[in-house]
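Numbering follows this note's numbering, with no gaps: position 671 of the sequence shown is 675.
The hints are simulated quantities; they were obtained by calculation from the structure and are not laboratory data. Since the structure is predicted, the reported quantities are computational estimates derived from the model, not experimental observations. Be aware that a few hints might be false.
In silico DSS-like cross-links for lysine-lysine, where the CA-CA straight-line distance does not exceed 25 Å [claimed, not checked]:
id	residue 1	residue 2
1	Lys291	Lys260
2	Lys511	Lys533
3	Lys58	Lys83
4	Lys68	Lys544
5	Lys60	Lys544
6	Lys306	Lys291
7	Lys58	Lys68
8	Lys83	Lys68
9	Lys544	Lys378
10	Lys516	Lys378
11	Lys533	Lys575
12	Lys511	Lys68
13	Lys544	Lys533
14	Lys83	Lys60
15	Lys299	Lys321
16	Lys516	Lys600
17	Lys58	Lys391
18	Lys58	Lys378
Simulated restraints, written as ranges between beta carbons of each label pair [said to hold, decoys possible]:
id	residue 1	residue 2	range
19	Ala504	Phe77	47 to 55 Å
20	Arg402	Asn310	21 to 29 Å
21	Arg402	Arg158	22 to 30 Å
We put the CB at the ideal spot given by N, CA and C, even for glycine.
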Amino acid sequence: MNSRAWNQAWLIRALPLAVLVLVIGTVPSAQAATVTSEIQRSVRGVTFEVVVPKAKEDRLAYDKPLPLELLPFVERNDKYWSIGTAFAIGPGQFVTAGHVFLSVLGSQFGPPALRDSAGNVYPVGQVTRFSSNEDFVVFTAAGPANVKALDVNRQPVIDEPVYAVGNALGEGIIIRDGLYTSETPEQQDGRWKWIRFSAAASPGNSGGPLLDSAGRVIGVVIGKSPNENLNFALPIARVLNAPEGRATFDENFVQKLPNLNSTLPGRATRQFALPLNFPEFASAYLKIVGEENQKSRALLRKTYANELFPAGAGSAKVLATVVNDRFPRLLGHDGNSQWQAADPDGLSGIDVPGGVRIDTASQYGVGLFRMSQKAGAGTQLAQVDSKAFMDLLLKGQRVMRQVGTDAVRVTSLGTASRDDINTDSFGRQWQRRIWPLSYIDGFAVTLSLAVPDGHVGLVQTIPAAGFEAALENLELMRDYFYVSYGGTLPQWSNFLSATALRPTAFKELRLKRDKQESLEVSSPNLSMKLRPEALAVDDKSNVTLLMTFMLAGDRLNWDVGGVVVTQDPDKKTQVSVVRQPRPSELAGDEVTVRWKQMVGREAPFNSLAKADVTENSFWIVGIADPSGSRASAANAPAALYEVTCVAERDVLPWDLEEMLRMTLRDLVVTDR
């Protein structure tokens, strides 16, 4: 859920963690104002940096020592990150921009504090007033209780000189001059007006005072234009007139899913009682965000129920297709309101020591990976701990840490801080692992499925601020995760014996070699037996179950949609059996024409051998009918099964036809 309805560009926090809201506007004319030394002294005495402590240790490992000498002296020696500005409005009472505090909700660094010009740090006490849409927070702090607040001007005059005071760029309190240029109604309902001013403001100025020429506070600096020197402040009267003991949450937002084009605007209006200490305030605020996310997400699903997979008309093609690809992908809604299992972006891979291959790609803003073990390799990927798991993934996906002008590769994240297993809607057992990334105040998250030859899954880096909501969105993507399961016969044996990570769909799966060296594969939908005369298999042979989404009435299942048995990883000789459900007319011409060819046993489904010159192989395709009789256009079954045999060119065409005949003889398809 977006936290603003109006057009803001929030700066991503980097090091140092200076925060500033950006708002689009135009450039006014300006004339210089003069600040007296007396005003400067009084202002500096009541204005503070807002800081959070740095992480005490770095759990990460790198491919070379971090060149910390490239960082500025203060940055590499300071024990705190500077995130904004605050100032006194009464004895022990301070105010800052609301987004300064919100930026560290859930932070790994601990609660914010105030730091004065002498370097003294004062913990934030209680939050006493807060408004999300007015973007301010009033709080107490232990320590600088004797600080005298500046005088206030509740009725400033347009075109008069102003001073913007703040911790610009995290480098200490500075004062810059300009004009009070105009007023702008707040964007949501026009209930009050922003002060617009031309005094320069930089990241870190957020929460600082805006002063008139007499040094009186007229507003709280909130944000600026990203390209022009037109800045915004909240009138100080809005802060002083706000009721004590109340936090208000009033936001327009847009709800969306990463893989769904449709969006849903909404508004959340909530409040909770104050005062609360900062951890309690953070908990109350995040609870509201979580509840509003869940409520608006449920409303989005209800509003677009006729578009969501699998109910939407655009689902027909996906439901009529089985993807033959070992690399995972996500189902998504394209620009034509069609669901698709499209190829992911930027697929690349690398072989690493230990007989392991790491393949990575991305889709809908989420990283995808496949970590596979070659036949006969010594490493048991299913048994690796969280550290070894991420160390392997980092070999295939470069993660760089910027240090000054240099970039250093991260080689290890250490042991995950959270490591648990949960189940998706289809009974798949997902291992969720989370690693803290203190240098960006974020987390690396993997959601992985064990497969016979290793692991597949999702990976994403999530900022600490808003982490739980972002994690929920990532976990929603599990139900759109499309993947097949493959491995050698020994790998399958190990996988099926590890019941804790085995999906529900494999509860009735049987896969074995009998004493006659025949391979038997049995699932609720199909049962096949490959005799050595048809295809000889051994411990290097690979069996892939093509998993797919199937509708059984109104229920969406995830089940075996096909089997591919490859004789040897270095050869093309294989047998595959793939389900083709009867498509609806909405599935598109490509699928419906293919179905008609299958029903009529037209080429290429006519059981005649053909040559593939480019692949140096022969292939042949036949059809298996679950009804046991030959289908016709007038009596088409719910599904047909495409049976394909592929062999190297050293076989004769009639040998390939015999290979198909033997496969069909021992194939039973029930399609329950």
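Taking the hints in turn, this is what the structure says about them:
Distance check on the hinted pair: Lys291 and Lys260 sit about 19 Å apart at the alpha-carbon level, within 25 Å; holds. With a C-alpha separation of about 19 Å, the suggested pair Lys511 and Lys533 falls inside the 25 Å cut-off, and the hint holds. The hinted pair formed by Lys58 and Lys83 meets the criterion: a straight-line CA distance of about 6 Å does not exceed 25 Å. Between the alpha carbons of Lys68 and Lys544 the distance comes to roughly 39 Å, so the proposed pair goes past 25 Å and is violated.
A distance of roughly 49 Å separates the Cα atoms of Lys60 and Lys544; the hinted pair therefore is violated under the 25 Å criterion. Restraint check for Lys306 and Lys291: satisfied, since their Cα atoms lie roughly 23 Å apart, inside the 25 Å limit. Only pairs whose Cα atoms come within 25 Å are accepted, and Lys58 paired with Lys68 is accepted, the gap being roughly 22 Å. With a C-alpha separation of about 23 Å, the suggested pair Lys83 and Lys68 falls inside the 25 Å cut-off, and the hint holds.
The hinted pair formed by Lys544 and Lys378 meets the criterion: a straight-line CA distance of about 9 Å does not exceed 25 Å. Only pairs whose Cα atoms come within 25 Å are accepted, and Lys516 paired with Lys378 is accepted, the gap being roughly 20 Å. Between Lys533 and Lys575, the direct Cα distance comes to roughly 21 Å. Compliance with the 25 Å bound is thereby established for this hinted pair. In summary, the hint linking Lys511 to Lys68 is not supported, as the alpha carbons are separated by about 47 Å, beyond the 25 Å threshold.
This hinted pair checks out: Lys544 and Lys533 have alpha carbons roughly 18 Å apart, not beyond 25 Å. Between Lys83 and Lys60 the CA atoms are separated by roughly 9 Å; this keeps the pair inside 25 Å, and the hint holds. This hinted pair does not check out: Lys299 and Lys321 have alpha carbons roughly 30 Å apart, beyond 25 Å. Of the supplied pair hints, the one linking Lys516 and Lys600 is violated, its CA atoms being roughly 35 Å apart against a limit of 25 Å.
For the proposed pair Lys58 and Lys391, the alpha carbon gap of about 23 Å is at most 25 Å, so the pair holds. Restraint check: the Cα-Cα separation between Lys58 and Lys378 comes to about 42 Å, which exceeds 25 Å; the hinted pair is violated. At about 52 Å, the beta-carbon gap between Ala504 and Phe77 stays in the expected band of 47 to 55 Å. In this structure the hint that Arg402 and Asn310 lie 21 to 29 Å apart at CB is violated, the actual value being about 42 Å.
Taking the beta carbon of each, Arg402 and Arg158 are about 55 Å apart, not inside 22 to 30 Å as hinted.
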